[in-house]
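Using the sequences and the accompanying hints, generate a full structural model.
Heads up: the sequence lines are chains A and B, in that order. Here the first sequence is numbered in my numbering, starting from 1 and rising by one per residue. Here the second sequence is numbered in my numbering, starting from 1 and rising by one per residue.
Rather than coming from a laboratory, the hints here were simulated on the basis of the structure. Please note that a few of the clues may not be correct.
[To be verified] With beta-carbon atoms standing in for the labels, derived distance ranges: (1) 177(B) - 119(A): 22 to 28 Å; (2) 35(B) - 73(A): 38 to 44 Å; (3) 93(A) - 29(B): 23 to 29 Å; (4) 119(A) - 190(B): 41 to 47 Å; (5) 38(B) - 73(A): 44 to 50 Å; (6) 117(A) - 84(B): 28 to 34 Å; (7) 45(B) - 73(A): 40 to 46 Å; (8) 146(B) - 99(A): 38 to 44 Å; (9) 178(B) - 73(A): 29 to 35 Å; (10) 117(A) - 46(B): 44 to 50 Å; (11) 120(A) - 75(B): 32 to 38 Å.
For every residue, glycine included, the Cβ atom is placed at its ideal position computed from N, Cα and C.
One-letter residues, chain by chain:
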Amino acid sequence: MRRRVPAAPDGRDSVRTPFVAGDVGLLLPRLEVEHRRPVSQGDLAEVDTRPGRSHRPSPNPCGKAEWETYIRGKTGVIELAHGEMIYPDSAGNGQDEGPEHVYTVLFTNEELRGAEAAEPNGSVTFDVWEPYIVPAVTTPSATQESAA
Amino acid sequence: MTAPHTVAAAATPEHQAQVAARVKAVEAIMIEKGLMSTEAVDRVAEIYENEVGPQLGARVVAKAWTDPEFKKRLLENATAACAEVGIGGLQGEEMVAVEDTDVVHHVIVCTLCSCYPWPVLGLPPNWYKQPAYRARIVREPRKVLREEFGYAVPDTTEVRVWDSSSELRYWVLPQCPAGTEDYTEEQLAALVTRDSMVGVGTVSA
Chain A
1 MRRRVPAAPD GRDSVRTPFV AGDVGLLLPR LEVEHRRPVS QGDLAEVDTR
51 PGRSHRPSPN PCGKAEWETY IRGKTGVIEL AHGEMIYPDS AGNGQDEGPE
101 HVYTVLFTNE ELRGAEAAEP NGSVTFDVWE PYIVPAVTTP SATQESAA
Chain B
1 MTAPHTVAAA ATPEHQAQVA ARVKAVEAIM IEKGLMSTEA VDRVAEIYEN
51 EVGPQLGARV VAKAWTDPEF KKRLLENATA ACAEVGIGGL QGEEMVAVED
101 TDVVHHVIVC TLCSCYPWPV LGLPPNWYKQ PAYRARIVRE PRKVLREEFG
151 YAVPDTTEVR VWDSSSELRY WVLPQCPAGT EDYTEEQLAA LVTRDSMVGV
201 GTVSA
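Shown next, in the form of structure tokens:
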């Protein structure tokens, strides 16, 4: 279920428009660089679906630069905030480590599979680097309802 | 205990042989080019065959069951807690232990490859690396646990699947079985299986 996020400063639909410089307001708030402190625990976020943000080859096979299709465009809750970690999209493409904040995001099965197909009473967590998520303006209950 | 899994059977003997041949070829080329030595390969194999394995994770679990303060530290920062008892290293730089309760049962996977917490579990079993397990466990975990691993999670218990990434390694702190109140830490550790720390099995006394 695709979620809309607050309009970008110039009024663009930020979900479908790639980031440009100045779009920082659409990202999750920067967290203090403090390891494993779930500062934004409970925040809602949406995995980014913008073109060019997926299927980037990475020598690290688990860099999650190659995004699993099951997770794209889904809305989940930040479960853990891990602080900054090496960003595979950068380090894996011959650039510097380019650390980004990493979050463990929790998705309900209903959000991922739809109410019909989802196994009941289940969830999946997925690690997301900050450039891949934008704030979602919804509540956990709203997520459940619209998935149903 | 791990019963034969049909998810593992998805890897045919031919496929396994192909993989083995490819690995041998890569190893031979790397040694020939002087990128590594046979001694180094043998030593790494020795470490993960004899020294590092689920018996280490079992020690940590048993300690968590008997020491509430340690358990608290383990759940807050598994890497640091494991380091307290001399456990850590490759593929375990950022570990997260997730606790099973009556409310939620955890299971781990790496949908993209085979990320696994080596310092506490050793090398992953073959079925963990197979596409069948990786694809199905995120789609229908309850069914996979029941049909492939003989583990029926109660409907009232949430099943939460942790999809590992390049940086983070999750593993499960299983529930301590009933009737073990008089067990020593060593006796408890002997009960803890690899499968229970992956989340595809339980611990029984």
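Results of checking the hints against the structure:
Against the hinted window of 22 to 28 Å, the Cβ-Cβ separation of residue 177(B) and residue 119(A) comes to about 26 Å, which satisfies the hint. One distance hint, 38 to 44 Å for the beta-carbon pair residue 35(B) and residue 73(A), holds here, with the actual separation near 41 Å. In this structure, residue 93(A) and residue 29(B) meet the distance hint of 23 to 29 Å, their C-beta atoms being roughly 25 Å apart. At about 33 Å, the beta-carbon gap between residue 119(A) and residue 190(B) misses the expected band of 41 to 47 Å.
Restraint check, residue 38(B) to residue 73(A): a C-beta distance of roughly 48 Å satisfies the suggested window 44 to 50 Å. The given range of 28 to 34 Å is broken by residue 117(A) and residue 84(B), whose C-beta atoms sit roughly 44 Å from each other. Range check, residue 45(B) to residue 73(A): Cβ separation about 42 Å, and the 40 to 46 Å hint holds. With their beta carbons about 41 Å apart, residue 146(B) and residue 99(A) fall inside the hinted range of 38 to 44 Å.
Between residue 178(B) and residue 73(A) the beta carbon distance is about 44 Å. The supplied range of 29 to 35 Å is therefore violated. Against the hinted window of 44 to 50 Å, the Cβ-Cβ separation of residue 117(A) and residue 46(B) comes to about 46 Å, which satisfies the hint. Judged by the Cβ atoms, the range 32 to 38 Å given for residue 120(A) and residue 75(B) is violated: they are separated by roughly 27 Å.
Hints 4, 6, 9 and 11 from the list above are not met by this structure, while the remaining hints are.
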